[in-house]
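Asker: When we follow my numbering, the leftmost residue of the sequence shown carries the number 1, and every step to the right adds one.
The set of hints was computed from the structure by calculation and includes no laboratory data.
Even glycine gets a Cβ: it sits at the ideal position worked out from N, Cα and C.
Keep in mind that a hint or two might mislead.
What the hints assert, rightly or not - Ranges between beta-carbon positions, derived for each pair:
1. Q417 x Q519: 48 to 58 Å
2. T493 x A11: 22 to 32 Å
3. L413 x E204: 54 to 64 Å
4. R520 x K234: 46 to 56 Å
5. D361 x S58: 38 to 48 Å
6. G220 x L413: 30 to 40 Å
Said to hold, decoys possible - Here are the simulated lysine-lysine pairs, PhoX-like style, with alpha carbons at most 25 Å apart:
7. K180 x K156
8. K156 x K207
9. K229 x K117
10. K192 x K207
11. K192 x K180
12. K48 x K156
13. K258 x K290
14. K234 x K117
15. K258 x K180
16. K234 x K290
17. K117 x K48
18. K226 x K290
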Amino acid sequence: LDHSVLEKAYARIASQYDEENKGFGAAPKFPRPVTFNFLLRHMYRKGKTSPEGAEALSMTLETLDVMAKGGIRDHLGGGFHRYAVDQHWHVPHFEKMLYDQAQLAISYLEAFQITRKERYADVASDILDYVLSDMTSPEGGFYSAEDADSVIEEGKPDHAEGAFYVWEYDEVNSLLGEEKAAWFNAMYGVVKGGNAPVGSDPHEEFKNKNILIQRMDAAGVADKFKVSKQAVDKAMSDARQRLKTARDKRPRPHLDDKIITAWNGLMISAFAKAGQILPDGDKYRQAAMKATSFIRDHMYDSSNQTLYRIYRGERSGIEGFLDDHAFLINGLLDLYETTFDIRWIEWAAELQERQDALFWDSDHGGYFATEAGSKNILLRMKDDYDGAEPSANSIAVMNLLRLNHMLGNAQTLEKAQSSLDSFSVNLSNQPSGMPQMLVAVDHFLHPTRQIVFAADPASSLLIEMKRQLNEIFIPGKVVLLADGKEGQQFLSTHLAFIQSVSRLDNKATAYICEDYVCQRPVNTLDAFVSRLRP
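With the hints as constraints, model all of the structure from the sequences given.
Answerer: The structure is reproduced here in structure tokens:
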């Protein structure tokens, strides 16, 4: 594998871009965040201002913008629906999946990192707050999904797709009053006969119903009605809350309250990254830690290192598949980089050993989805398609590469290379079907930046250095803390150079390295920032 596979994939993905409606391909329109992951890393390698880098970024941001305004987003309760049935991102299949929320939150967080535009941070927070309020168990685990359909009227049997989410024109008017309703209707496309586009509603399920879609921003509404933008901002915030309060009295869609380890791993990553990137990220960091502790306490048997897949009131007997291990390891590595709590990297290493023992294909490389001897499974399959979820192998390869740089284990690098070799034919023939695997290829082909801090975890200088670091999009970076205590001892047993990392003048000190070749350490914020942004 070389850079040509990345170029080929980029050309294929770019050729599928829908210039008019944004996104890739025709209806139905799926978000597919794995494509954004590849494009943003391609942009980073090419440079934001190069023609190809600028194009990769604009395709991503334009699609994220259209989705954020679209009917695919829940403008009142937060989060995103599964997909849009039409090319305009307007009429969704109303189901809400945990794995979509996790991946899209990360896409918007990365868009915020790259652009520093608050609208992307707002959408990310919106998604995460929805998950906290509606998809989190009291113990901290994350539920799987909310159904698309619900009872139309309490006490009656009739169900309808989107019944919980759609609005009649008169209903909005009576809730908001004539003036504010006029503003709201202009902003969100609410009209008398319903706003589903012709052809998007063949069975007329949404006749006289409105699916909220942002047609105007606050400045546009202010201009149209000759009022101040501040007045519109306040009125629309109040209007959304008023409609949400009314909506909450409707029968809710069924909640699938299974807690699935794999999807929780994805969500832990999202909350951990939000804890790094967002200014008010502490509540998200806490959510990631609580969910991780829940899985450790309720879905893992440390006596035999067995991870379980499903919890619903109690742990089921189904042992974890490859995706449960890989997605959780990924979440643990992200959580370590957020908290510097060495327990998470220790557990990740333990789970990686178990994953290798259960699923590794020692003949050809890569991982099987299920373990040898699994009941009811005649043929062990290897998943490599990055679709609505990333393939477990794509995440597994990235984990191996990260663990190699964090813990210096040559075996993990060999397994990563062997895995990529095993998927190389598919990568060459169908690269656009494997964008998350291409993220791993990109990481494999380029030097890795390690940032090692020597500091007390509570050091105010360390906290400020981390804040500055997390404002910058540096894909594939590895961040470690030499704390002078148990954490540094554990890391030193794997990476010899960590033993010699120490604080200069007893201040928080940063070592910026590339494949373990380090620049002179720095212990002032200005020097650190200038090294990060040469």
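Asker: Going through the earlier hints one by one, which of them does the structure break, listed in rising order?
Answerer: As far as the earlier hints go, 1, 2, 6, 7, 12, 15, 16 and 18 are violated by this structure, in ascending order.
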